[in-house]
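Work the whole structure out from these sequences, hints included.
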Amino acid sequence: AQKVTQAQTEISVVEKEDVTLDCVYETRDTTYYLFWYKQPPSGELVFLIRRNSFDEQNEISGRYSWNFQKSTSSFNFTITASQVVDSAVYFCALSERWGTGTASKLTFGTGTRLQVTL
Amino acid sequence: GAGVSQSPSNKVTEKGKDVELRCDPISGHTALYWYRQSLGQGLEFLIYFQGNSAPDKSGLPSDRFSAERTGGSVSTLTIQRTQQEDSAVYLCASSLQGPYGYTFGSGTRLTVV
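Line order of the protein sequences matches chains A and B.
So in our numbering the end of the first sequence lands on 121, straight run, no missing numbers.
So in our numbering the end of the second sequence lands on 108, straight run, no missing numbers.
Derived by calculation from the structure, the hints in this document are not laboratory data.
Possibly wrong hints are sitting among the right ones.
Claimed, not checked - Cβ pair distances, simulated, as ranges: (1) Gly65(A) to Leu34(B): 24 to 34 Å; (2) Leu91(B) to Gly65(A): 17 to 27 Å; (3) Ala49(B) to Asn70(A): 34 to 44 Å; (4) Thr33(A) to Val108(B): 39 to 49 Å.
Even for Gly, the Cβ is constructed at its ideal location relative to N, Cα and C.
Pasting the structure below:
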């Protein structure tokens, strides 16, 4: 069975600090996708990134960066120079195996609540 | 539409009543999903629809829960004889066929009193 673990339930930082959100996953599939979503106080989940299991290159998008390491089954998310607007719950997710013509069911972690204060 | 639309945004119901939650996915998205998010919890998968295939109902918590998707578009999640533990935010998402990220709606906050 697939499983996603986000051990950090809540993190508080002061603005401009860097913060890393951890994500560890379990799967028997050799082909899979990993995702990060942001859920701000408004409640709507916002897609941030998708990474496939064959691409271990780190990715950077502005202040956001992702570190994918298959050896440790981790897909960690770092926010550099955090801002108050980054305050949200962040979810890591893993796709289940799919086939031609099928959809992809995501298994979500329990989320990490990030609070950024001035 | 431009995004996934859910209605109502909030629903308060008495224990034992039936409720219907509606989801209107993004046009052209063949896959539609229902998840439930209880207070302070992660997202619990309920059901998904993919085109004309039989839906995957493996996440429905009891036979009080059912869902249908008409014409490959709008979906309705029905909860019969609601219980207090059904109180949660019910999220709908849609996606293209394949391993793509979902686009989520804003959710329906259900409160059973």
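Outcome of the hint check:
Taking 24 to 34 Å as the suggested C-beta distance range, the pair Gly65(A) and Leu34(B) conforms, at roughly 32 Å. The hint said 17 to 27 Å for the Cβ distance between Leu91(B) and Gly65(A), and at roughly 25 Å that hint holds. The hint said 34 to 44 Å for the Cβ distance between Ala49(B) and Asn70(A), and at roughly 39 Å that hint holds. Range check, Thr33(A) to Val108(B): Cβ separation about 48 Å, and the 39 to 49 Å hint holds.
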